[in-house]
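Chemist: Sequence:
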Amino acid sequence: MLVTEIIGNLGADATIKQFSGQNYISFSVAHTESYTNAQGQKQERTTWISCLKYGESAVINYLKKGTRVFVRGDLSAKIYDANGTPQVGLNCRVKELQLLGGNRPTEQQTENREPAPAPAYQQPEAQFSDNGSDDLPF
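Residue numbers (my numbering): 1 to 138.
Do not rely on the hints blindly, as some may be mistaken.
As the list claims (entries may be wrong) - The following label-pair restraints were derived from C-beta to C-beta distances:
1. 7 x 78: 20 to 26 Å
2. 40 x 93: 37 to 43 Å
3. 41 x 81: 28 to 34 Å
4. 33 x 54: 26 to 32 Å
Calculated directly from the structure, the hints in this document are not laboratory data.
Every residue gets a Cβ at the ideal spot worked out from N, C-alpha and C, and that includes glycine.
Put together the whole structure using the sequences plus the hints.
Modeler: Structure representation (structure tokens):
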């Protein structure tokens, strides 16, 4: 198996399933990368990875559609037939899962976002003076 690290967003809410009497969490992660093609046009390529995580199930309450996650685990590929067209599916058996907080902003949200205000300087409340005395014991 190939160990991989993935950062992406959930495509749907995670579900709990069972196999051989053992519960696992099932979810899909979309990893999108941006690049510029030979004609200078910005392009995006999204790869979907089906993930399953055995063990703890409390985290499922946080695995909602759009949630940004970091996943580390064993990657495998499965070739299957979809309406006469060969397809490759990527699967990850998750060893480590971290929530990265927040959903991925849409393009419209980033275009309309106002810049954050600059922090205001505040004068310290206490004024320190050096009267020449030194309280250090050495």
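Chemist: Honestly, which of those hints from before does the structure not fit?
Modeler: When the structure is compared with the hints, none of them turns out to be violated.
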